[in-house]
Amino acid sequence: MSHSRTTPPRPLDVTTVFPELAPLAREAVRLHPRPGAPSPYDSSVGGPFLWPADEPWPHCGEPHGWWDEATDEEREGPNPMLPVLQLHTRDVPLLRPPAGADLLQVLWCPVEHEPDLKPPTVLVWRSAAGVTDLLGTPPAPVVVEYDGYLPVPCVLAPERITEYPNFLELSRELRQRLSDWSRWRAAGAAVDGAYEPYPQAFYDSALAEAPGWKVGGWAPWGLTDPVARRCEVCGAGMTPLLTVASGEWDSGTHGWVPYEDRELAAARIAELANPPGVQVSKGNHLQLYVCPESPEHPHTDLIQ
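So the sequence shown is numbered by this note's numbering: it starts at 296 and just counts up by one.
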């Protein structure tokens, strides 16, 4: 890790205003990707993977069929998947790997597939110490739908934070209480009065889930209402593993800009708002979920 990032404190401790939220707190890890030159031994976005030379590289076997510039063989043949994220548990202890593993690798096919128009993903868990003979250069994808699926290599600065559920995930009773601006006003001057007509917007943008790339925490709903994710093996309710974001912040979430970026963000907001240059499904986010009972059960994903 070659840099550090610090999220400013939230405008107020929301649990002092709404104690009902305290049991719903979850730990998350903001990854804060920033352009750099990661090595295969580093945690990174878009960097080289610690991949054994004798292990087959994952390919997407689905058709990739409507690009005029692609040959018939490229349209129908397997597409080598692309490295997206590599995380060591030493950098992100929040990860819950299978026994004997300490490294998570996430790959995707840089093509939006039907029916949900999202890139298929592969999760690989392994022991970093077990990789002694590295693969030199992995095969490059032959079909890439958008440059936004080619992450700029970035180093990370993992930071632990606390999150609360999106307004849409709260009970009806709690949503009603959060919509009462008099409760917020009683919390003090730190509350921005511009949010008075929409208290839930203040809660979601300033207090609930952090924007950007992160591990754990709560899902950033909004494109759809919350959708329960169930493990196809055991039926357990799945939990967020990773948010792959199309931006680190936007006009409504400037309060989450780290201290270290604030001066630069004022002058280079567009550049700094999306350091990896990733655009998922035209500017949305890709949420990966895993089974809390076993990390070896198949993961699932969702565009938000």
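FYI, nobody ran anything at the bench for these hints, they're computed from the structure.
Any given hint could turn out to be false.
As the list claims (entries may be wrong) - Taking lysine to aspartate or glutamate pairs in the EDC-like style, the calculated list, with each CA pair at most 16 Å apart, reads:
hint, residue 1, residue 2
1, K577, D442
2, K413, E440
3, K413, D442
4, K577, D411
5, K577, E409
6, K577, E407
7, K413, E591
8, K413, E357
9, K577, E440
Quantities reported herein were computed from a predicted structural model and do not represent experimental measurements.
Verification of the hints:
Distance restraint check for K577 and D442: the Cα-Cα separation of roughly 11 Å lies within the 16 Å cut-off, and the hinted pair is therefore satisfied. For the given pair, K413 sits about 11 Å from E440 by alpha-carbon distance, which is consistent with the 16 Å threshold. Taken as a hint, the K413 and D442 pair is honoured in the structure, with Cα atoms around 14 Å apart against an allowance of 16 Å. Our distance criterion of 16 Å between C-alpha atoms is met by K577 and D411, whose separation comes to about 13 Å.
The straight-line distance between the Cα atoms of K577 and E409 is roughly 15 Å, inside the 16 Å bound, and the hint therefore holds. For the hint pairing K577 with E407, the CA-to-CA distance comes to about 10 Å; that is within 16 Å, so the pair holds. Between K413 and E591 the CA atoms are separated by roughly 22 Å; this puts the pair beyond 16 Å, and the hint is violated. For the given pair, K413 sits about 13 Å from E357 by alpha-carbon distance, which is consistent with the 16 Å threshold.
Between the alpha carbons of K577 and E440 the distance comes to roughly 11 Å, so the proposed pair stays at or under 16 Å and holds.
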